[in-house]
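**Q** Chain V: place on chain G using the hints.
Next come the chains, spelled out residue by residue.
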Amino acid sequence: MSVTDASTVIDPLRIAGRELRSRLLLGTGGFRSLEAIATAIEVSGTKLVTVALRRIDPDARGSIVDVLERTGVQLLPNTAGCFTARDAVLTARLAREAFGTDWVKLEVIGDDRTLLPDAAALLEAAEELVDDGFVVLPYTNDDPILARRLEDVGCAAVMPLGSPIGSGMGLLNPYNLRLIRERAGVPVILDAGVGTASDAALAMELGCDAVLCASAVSRAEDPTAMARAIRLGVEGGRLAYRAGRIPRRLYAQASTPEDGVGEF
Amino acid sequence: MTILVNGEARAFAPGTTVAELLDALEVPGGARGVAIAVDAAVVPRGEWETTELDHGARVEVLRAIQGG
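Chains G and V, in that order, are what the protein sequence lines are. According to the numbering used here, the first sequence is numbered sequentially starting from 1. According to the numbering used here, the second sequence is numbered sequentially starting from 1001.
Next up, chain G with everything else stripped away, as it sits in the complex (with noise of 0.2 angstroms):
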């Protein structure tokens, strides 16, 4: 047995029957800086990275779309800020002319405090998107039967959260998110919520297949640290996830042998 061995390699994520040698997903809002992004581009190790869509601004300096480029990810456009499944659906085909993709990664918002998934727009928006031929992933509540029903109309993978985008409290429902993996046939990628590198390790030994995240990052006091502290809780979590853990036991097992304790 060798630290190379094939159990303690990273093995790759698929999506849609393409193979991303990374399982943690970045989304680029927040940073101060594209620099900053593509340093967290690198570090993190992530091949799969989100953008968005707005309004030109005359003032805005430097493209992300080239600083991407250079960093050879795909992108993943979002649909970030989009209330109603039409507004959803039309910004997924704004967004394949201005990127070349047909990924999408679908939000459809039903609150603005929250930002929490209006689950019929949701549902709604992916099932017009897949017959369109996008590969969609959606951002979703963590609701086992939802989550069941956007694979049915052939979404690609299931992004649930955490807990609110953005408010960085962790997994607020692991329960829910084990249910979730248990049924999905796709891809479950942990979509918000995450604050820091235990959040996506417990992810992963969830069994989550991938984590997403942003302002975990981008917003930290040093993006490029918890950028690295991130990919290391993934990479631990999903080993351990295949490793297989212990069972919770409530008393103490001894590892040391009790035969053969010298008599005194």
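Keep in mind that a hint or two might mislead.
[Said to hold, decoys possible] Residues from chain G that face chain V, not an exhaustive set, calculated with beta carbons under 10 angstroms:
(1) G29
(2) P58
(3) I64
(4) L75
(5) L94
[Said to hold, decoys possible] Below, a sample of chain V positions facing chain G; criterion: calculated Cβ distance under 8 angstroms:
(6) I1003
(7) A1024
(8) L1025
(9) R1032
(10) A1037
(11) V1038
(12) P1044
(13) R1045
(14) L1062
(15) R1063
(16) A1064
(17) I1065
(18) Q1066
What the hints contain is simulated information worked out from the structure, not anything from laboratory work. Ideal Cβ positions, reconstructed from N, Cα and C, are used throughout, including at glycine.
**A** The following block gives chain V in isolation, referenced to the frame of chain G:
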């Protein structure tokens, strides 16, 4: 004629195309990360040169930003 560009009314010559509007806005049309909707419908990149805008058209000019 008047066109509503990102919610702002602006005057353009009749027959102005999407490509000409982008030039007027100094948007580098060839760049990735730009998308156009006219009256809530996507105008594919390949049709920017030939799509003429009507008086009163509502044009959304979007570009890539950090997010998500």
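**Q** Does each hint fit the structure? Answer for all of them.
**A** Results for each hint:
Below 10 angstroms, beta-carbon pairs count as interface contacts, and G29(G) has one with chain V at about 5 angstroms; its hint therefore holds. At about 7 angstroms, the closest approach between the beta carbon of P58(G) and any beta carbon in chain V falls short of 10 angstroms, and the interface hint on this residue holds. The interface hint given for I64(G) holds, since its Cβ lies 5 angstroms from the closest Cβ of chain V, which is under the 10 angstroms cut-off. Of the supplied interface hints, the one on L75(G) holds, with its beta-carbon coming within about 8 angstroms of a beta-carbon of chain V, less than 10 angstroms.
Because the closest C-beta pair between L94(G) and chain V is about 4 angstroms apart, less than 10 angstroms, the hint holds. Evaluation of the I1003(V) hint against chain G yields a violated restraint, the C-beta minimum of about 15 angstroms exceeding 8 angstroms. Because the closest C-beta pair between A1024(V) and chain G is about 12 angstroms apart, greater than 8 angstroms, the hint is violated. Because the closest C-beta pair between L1025(V) and chain G is about 7 angstroms apart, less than 8 angstroms, the hint holds.
Restraint check, R1032(V) versus chain G: the minimum CB separation of about 5 angstroms is within 8 angstroms; hint holds. With a least beta-carbon distance of about 6 angstroms to chain G, the hint placing A1037(V) at the interface is held under the 8 angstroms criterion. About 11 angstroms separates the beta-carbon of V1038(V) from the nearest beta-carbon of chain G, more than 8 angstroms, and the hint is not met. This hint holds: P1044(V) has a C-beta 6 angstroms from the nearest C-beta of chain G, less than the 8 angstroms allowed.
The restraint placing R1045(V) at the interface with chain G holds, with a minimum CB-CB distance near 6 angstroms, inside the 8 angstroms limit. Interface hint at L1062(V): satisfied, since its Cβ lies 4 angstroms from the closest Cβ of chain G, which is below the 8 angstroms cut-off. Interface hint at R1063(V): satisfied, since its Cβ lies 5 angstroms from the closest Cβ of chain G, which is below the 8 angstroms cut-off. Interface hint at A1064(V): satisfied, since its Cβ lies 5 angstroms from the closest Cβ of chain G, which is below the 8 angstroms cut-off.
Residue-level restraint check for I1065(V) holds (minimum Cβ-Cβ distance to chain G is 5 angstroms; threshold 8 angstroms). The beta carbon of Q1066(V) is positioned within 8 angstroms of a beta carbon in chain G (closest approach about 4 angstroms), and the interface hint is therefore held.
When the structure is compared with the earlier hints, violations turn up for hints 6, 7, 11 and for no others.
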